[in-house]
Structure formats: structure tokens, C-alpha cells
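Based on the hints, put chain B in the right spot on chain A.
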Amino acid sequence: MDNMLEMYLYETNTLLEQLDELLIEAEKNKDFTTNDVNEIFRSMHTIKGSSAMMEFSTLMEIAHHIEDLFFYIRENGMDSLDESHKNDLFNLMFQSTDALRSEVEKIENDEPLSTNIDPIVANINSFLEKISATGDGSSENAAADAKTEENTGVIPPADEHKIAVINQELAGCPESEMPYFIRIHFEQGSGMEHLRAFMIVTALKDIELEFEFYPEDVETNGDSSESIVENGFHIALSSQADVEKALHIIKEQNSVETYEVFENALVKHEQQKTPAPVSTPNNHNEPQQTSAPEESPAQKSAPAPAAHNSAPVKQSLISVNLSKLDSLVAIVGEIVITESMVTSSPDLQNLKLDNFTKSARQLRKLTDDLQDIAMSLRMVPVSGTFQKMNRIVRDMKKKLNKDVRLTIVGENTEVDKTIVDSIGDPIMHIVRNSMDHGIEEHVEDRITAGKDPQGEIVLSAAHTGSEVIISISDDGQGMDPEKILAKAERNGILTKPASEYSQKEILALLMLPGFSTNEEVTEFSGRGVGMDVVKKNVESVGGTITITSELGKGSCTTLKIPLTMAIADGMEVSVGKSMFTIPIANIRQSFKTQREEVILDASGNEIIKCLDEFYPIIRVHELYNIETEVTDIEDGILIWVEAADKSYCLFVDDLLGEQQVVVKPLPSFLSNFNIKNSGISGCTILGDGNISLILDIRSLYAAFYNQY
Amino acid sequence: MSADTVKNTTLNGTLEEGMPVSTERFLTFSSNDLNIGVSTNYVIEIITNHTITMLPLVPDYVKGIINLRGQIIPIIDIRLRMGKPSIDYTSSTCIIVLNINSVQIGIIVDAVQQVMDIDQSKISPVPVENQQELISGMVSSANSSVILFLDCEQLVETY
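These protein sequence lines are chains A and B, in that order. When you line the first sequence up against the numbering used here, it's residues 67 to 774, in that order. When you line the second sequence up against the numbering used here, it's residues 1152 to 1310, in that order.
Derived from the structure by calculation, the hints contain no laboratory data. We put the CB at the ideal spot given by N, CA and C, even for glycine. No false leads were slipped in.
Okay, the calculated beta carbon distance ranges per label pair: (1) Gly670/A - Pro1210/B: 26 to 34 Å; (2) Ile1195/B - Glu662/A: 51 to 59 Å; (3) Ile1195/B - Val327/A: 56 to 64 Å; (4) Lys602/A - Pro1210/B: 30 to 38 Å; (5) Glu1304/B - Glu662/A: 53 to 61 Å; (6) Asp176/A - Asn1252/B: 25 to 33 Å; (7) Asn1252/B - Ser385/A: 30 to 38 Å; (8) Asp487/A - Ile1238/B: 48 to 56 Å; (9) Lys549/A - Asn1252/B: 58 to 66 Å.
Interface residues of chain A toward chain B, partial, derived using beta-carbon atoms under 10 Å: (10) Ile397; (11) Ser644; (12) Met645; (13) Val686; (14) Lys730; (15) Pro731; (16) Pro733; (17) Phe735; (18) Leu736; (19) Ile741; (20) Ile751.
Just chain A, same shape as in the assembly (with noise of 0.2 Å):
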């Protein structure tokens, strides 16, 4: 159940995304074209589906009513819709997604659905009393025709003048030049038969079989149940071969009670009669009604050859649980570390090995090559996110009444699927002060500052080496330095004189706890816990912002993001026999010092003069209780660090090198010791086997004013 409810989710989420998509490109073009129709109704139809089975009945409600609203778009084309309509149909379409989406959310967090749909529903179903009502004559026939569908719903109209000779000749089998029949009731009271019956229709396309099925519209119309109770499902074949076939398939079928297999007795006479229909129009004078038969055999066709085409898209793309990629990783990284232990055994030493040398060197390329696939596991392109942002520039576009373009560069840049998940709020945020506070509010402003009166915004990603840089830029107003400061003084963030802040630190003030820039708070922005949330949550994926700005040409937001979390750049030290590694991000410098240069203070804390500050030095050895031979301030070495507002210097033996090194926590067992505020944040597993521990700068120095 639950692995049905994630494909559940992960399908609906998936449908729901390409849905925001393609409305987005549609409104752009201020148009649906047949093909995006088409896909809503799909999509609509294949949410209706899966939600009526898993029992969501809310979403399966608003799926069926946009449904049927596309079903009548479909029919008479978006051309019957004037520009105002158009306008209402992509709000309205907006609004639905959202609220399918939030039923979604809702699910996933495991929460009740809403049991009051009825304002979304009767949206719908009032746009489409005006757009059927404003509608031209053979519209409004068309859509009382689809009506009585709806209402009787047994075949399509084009087949009913047929109805009666097929019910009397097959006793409820239809016509078909195919010469095999199955027949298939459904279990009594199983409900929802005519989704049960789509589902044998899928199931049966999957492997590629040609056949026909009767009723023809169970995917569309809800009340083929009914004839599907009454006179069974049935399905046309054209071989012996191919009834076993799908015989085969329905048996693996649920719901299914009795079916029987028959030939069809009139096969010579409809051979001449079934291509009429389909070709020929109604004789009612109804030119959009030919849109319908044409859709119902070109539903039956097209499915086969695009099942063909897109059966390997299907199966190059497979959902994996994270979990076990990341044991992957794990036993790569393992298979990468053991490789060196054996090809650098000590016992090797000294023989010349000639094949084992040239195997060896063969075995390190091959673990190379798997650890890049291994960790290229991980990556997803950060498409998925930036498009996200489509929708709320185009939400915001509406809201704040500004024309702006989002323009999107390198989506496909790939980043660690945990660090795509937490860089899509800080992007959204920045986005959305873009919107509100960087571009300018009058189109007017724009104009006489000679800029393209559209304003636009640039989402951009790319890669440098173990980073991957995101920016967001906008060409409105930039930001005043004098109007920044005057508000932090107000808000008493300033902790120098005013005059002496560079324009880099006034930029860096957006970034504190409580500074918001606009005057008023709106929907959008605002509230003054923007930027430092930001600030936030781009740390605790390890990377960093920076804010460029240049007044009356825009401002650009730079987020520099390590490519996965799991591998940190770090210092090996050694202190005695134990090693260390110091996250380079917090290395200011390293340095050699002479005894004259070290002050003792009061308590005989020893401290040391570094560009005219004074820091406390922190010798790692005693702290730790490590025995070392370099005790001697000018024996070791020095490494000044930084962690927030704490700088230090810490004491060490030696810099054994710099080294990228795979994270990994501490075992549990060992939180019962408050290991965590001793400095040490982690360990990680050396080229050799052994173990160094990461070095928290911050809670190391918690942890040497706690010994005092």
C-alpha cells in the first residue's frame, strides 16, 4: 500500500510539474495549442484515475471537473474561446493545479483532505456554462451533444445510429472487423468499472497488442460503467494468438469475475461497414462532431506506435530509494579505499611485479571511473527548481502589475539531490525580492532610465569545479547604499560609525536578522526575515551568498554551493599520533611564530598578535590530552580559523596536506558522551584506512572556555 501510494504521489507530483510547465509556455503564447489539450486532458484523466483508486475522492472530483471542461474544449477547439475566456481559462487552470497540488501536499504530510471542493468545482463549472453558453450554434449542439454523451454515455455519437442493430444482432456486442471477442464482467459492485476497464486497455497496450475496445470512451466518459455492468467489457482481436495473449493479462487482473471468448459473426459484413463511420462524418450538421470520432481511433492508434517510440524513454528512467544509492556510495568508496590498501600493501614493497603493476593500474582506472558514476548517482539537474520559478514570477507578474521576463540559463546543471531540495527556497525568496523590490514599479521609471520597459530577471546555474554557482540578476533599480544604511541605523544594526562601511559591508547588512528595505510590508516580501533565512539555509548546505548591486542598473544575488555535502575540502593536521582535519572554509591562514611573539594573559592564557588583532591560541594537544613530542610554540604550527563571529588560532604539530575528504557522522552510541560540543563534528576515512576527525571550529572553541 504504501509503495502504491508513493507511485501514486511520485506520479501525480510529476503530472502536476509538467502541467505548471505547459500552462506557463501556453500563457506565454496566450494560447493552448491541440497537442496541450490534449496533454491536460490526459494528465486530468490519468489524476482522475489514480486518485479514484487510491481513494482521494477531493482530487479526483476537481481532476474530473477540469476534465470535462477540456473534454468540451477539445471538442470545439480553443478558437470558440474569445480573449477574455482565454484569460479566465488560465487563472482558472492555475487555480486548479494549485489546489490538486495542495490536496497533494496534504496526502503526502499525511493530513486530512479538504472535504469542501465545491468553490474550485463551481469555478469550473460555471466557466464552462459561459463559454458553452457564449458559444456559436454548432458549438452549443456539440456541447448538448457531449451532454447526452455524458447522460446515455454507452458509445460515441458517430456509432449510435448503430447501437440498436449491434445490441440486436450480438446481444450488447458491438461491431467490429476484428474476428475474436472477449467478453468481461466485473466483479458486482466493484465500482468504477469503466476504470478498471482502462486499466485491462493499458495493460493490454503495454504489450503491444492491436485490438478494440468497447465501449470505446471508458478513459473519458464516467458513465460507460454502466453499459460495461449491464453487457460487459469487450475487447476485439484480430488472432487466435492474440486472444491468449490477453487472456493472459486479464486473468492477472483484479476485479474481474467471468470472461468469455467468442468470434464475431458478422465479420464478413462489417468489413465493408466499420471504415465508414469513422471516416465519414455524422449527417448532422455539426462539422465540430468529426473531431470526435477522428479523436477516438486516433486515441486507439496513436497509444500503439507511441507506446513503441516511448517504451525506452519509460524504462532509461527507474525511482530509486535514496537510501540505497547512498549505501552505494558507501561500498564504493569502501571498494576505492581498499583498492589502494592493496596495491600499496607494505608487503609489495621492493618486489618488481610486473603484471601485477599492469593489473593494478587497470583496477585503480575501473574504481575510478565506478566512484564518478557512483557519485553522478546523485546528481539531478536543477531544472526541476528554476522552473519552479516560472510560476511565481508569472503569479507575481499578475499580483504586482510589473511586465517581467524570467530568463533561465544552464537548468541542466547538475547538483546533489539534497542540496537541489534546500537551495529552492533561498532561490525563491531572492526571486521574489527581485520582483518586488528590484524592478522598477512603473513602467514609466524604466523608460526614461532607457532600459527595455520588460524587465527581466536571469536565473543562471553553472559548475566550477566542486561548486556549482547560481545567480539571480535583475536589471531593475539596484540597490541605494545611502537608503540601505539609513535603514540599518534606524533599525539599530549598525555596529560601526555609518561612514566607515564599504560598499560591501552595507550590501552584507541586507543579510542580518530584521532588515527588510521596502517600507511596507507586502505579500510577497517584506517581512524582514528574508534575506538572513536565506543567509541560513544556504550555510547549512555549506555554501555562501553574496550580493552585488550597482543603483539604477540591478542587482545580482551569487550563491556558491558545494556540489554535494558528503565531501568537504579539509587540512590534514597531525597532533602527536592522532590526525585532525580542519574544514578549509574555516583556514584563515597557517603560520610558523617565534616564543616572543605569544602574550600570556592574566590567567596565563597564551595569545598572539595576527594583523593588528589579538587571538587566544588553542593548543589542540592539551586540550585533547594528547601526548606529543611538539610542545614548543616553535615546533608546531599555527592555524588561524574562523567559524561566525569566533576566531582563533589552534595549535598543532604538523600540516600533513590538503585533501578532499567524504563526511561521516560519528556513530550514535557516542552522542551519549556530548561528543558534539568537544569540537569534533565528524570523521572521515583516509586514503589508508585510517580515521581522521573533522574538527568543528566553532564548538571547539565552546568546548576550551567550558575546561576553565
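Chain B alone, transformed into the frame defined by chain A:
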């Protein structure tokens, strides 16, 4: 060996049927001249000669962590844990890696002795006045020596 297998299956059999378990298999080791047994259900493996990376600012019985094929496992010295004096590690010193309610931990013992089946009904509680931390019961074995049972759950309890 074959006798062991038979016993083992009966053990499993009784477990599955929810009948009172008659025998359980124990790994015995010596530490500070005591014979201590630990249920094999907890034992993952016995390793020797592993480099232990020391951890700072922890109680002395936490010897550090080891890298066991990529897994980081904390190591405690069972002697020090029971408040006994430490001795130098010898060639017979080894680490028993245990998995106690999915917490992995290694214990350093003086020497590993044997695996034996012990009738659970014969396990008697430790006399109240002699009650000791980490020991959940005792039994006298065939050669008239006494085996104490390690309370594994207590070993990994949070404080």
C-alpha cells in the same frame, strides 16, 4: 559440530513456536579473570589487531573508534567499563563487535574462549548483595567455573 547444529535448530524451532526457550548460545570471553558470556544473537564478529583512533574528551573506557570496512564503530574497554584496572593489550586481546538493538559497538576483551549452549533455566540472578553493573545473571558451567552474563542493553543505554 553436527550436535551443535541440531541444538541450534531446536532452539530456533522453539523460538518460532513461542515455547519457552530452553537453550541459548553464548560466546564466552575472559576479562579481568572473569568468564563472561554474551548471547551470540548480538555478536557480529571478532576482530584482532585493529588500529583504534582515540577520541578526545570522553570517559577513559571509550577507547575510540575503528574503521571496520567503512563503518565507524565505537570501541569500549570492558575492563575499564567495569571499573577494573587496565592492562596492556596482548596478542590474545581482541574486539568483539556487537549489534545491540541496531547500535553497533565493539568491546575489548582479554581473550575469547568458546561458544557454548546454555540452558536458560539454569541461569540464576546475581545475588542482590553482589549485584554489579552490566551483569544480568550467572551460571556454573560443566568444569565448575562460573560464567557471568553481560547485560548488553545496559551497555548501550543512554545516560
